[in-house]
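J.: Throughout the sequence shown, residue numbering follows our numbering, covering 2 to 101 in sequence.
Just so you know, not all the hints are guaranteed correct.
[Said to hold, decoys possible] DSBU-like mimics (lysine-lysine), calculated; alpha carbons at most 30 Å apart, straight line:
1) Lys70 to Lys95
2) Lys83 to Lys68
3) Lys95 to Lys83
The set of hints was computed from the structure by calculation and includes no laboratory data.
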Amino acid sequence: YFSALQTLIIFTTPLNRGRERLFDLPWNGVLHEFNSEWKTKDCQSCSCSKETMGCCSLVITPMDYDKEKCESIFYEETCSYKVVEKADPSKLCKVHGAVG
Numbered sequence: 002y003f004s005a006l007q008t009l010i011i012f013t014t015p016l017n018r019g020r021e022r023l024f025d026l027p028w029n030g031v032l033h034e035f036n037s038e039w040k041t042k043d044c045q046s047c048s049c050s051k052e053t054m055g056c057c058s059l060v061i062t063p064m065d066y067d068k069e070k071c072e073s074i075f076y077e078e079t080c081s082y083k084v085v086e087k088a089d090p091s092k093l094c095k096v097h098g099a100v101g
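I would like the entire structure built from these sequences, with the hints used as guidance.
T.: Set out below in structure tokens:
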């Protein structure tokens, strides 16, 4: 995941009819209106205004679990992890701590 601090360019064009928009480099040049919010394909929740832009992760990452017995599996479509036994992935493992 990339940092919440992003490289931004603010610009106007004739197509914008005098309204400034935010050009968002890390997200493939997608234009976002000021005072808007969006979710990125890599599970970031972002918002912008004329003064600032910020993003934060939607993912809660499991940290404290038995890493020898278990593994975490990331599901991109839901921006979530499941921690399962390596020997039997149908069995969930106990998670004692997470960050996100």
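J.: Hint compliance check: list the failing hint numbers for this structure, sorted ascending.
T.: Failing hints: none at all.
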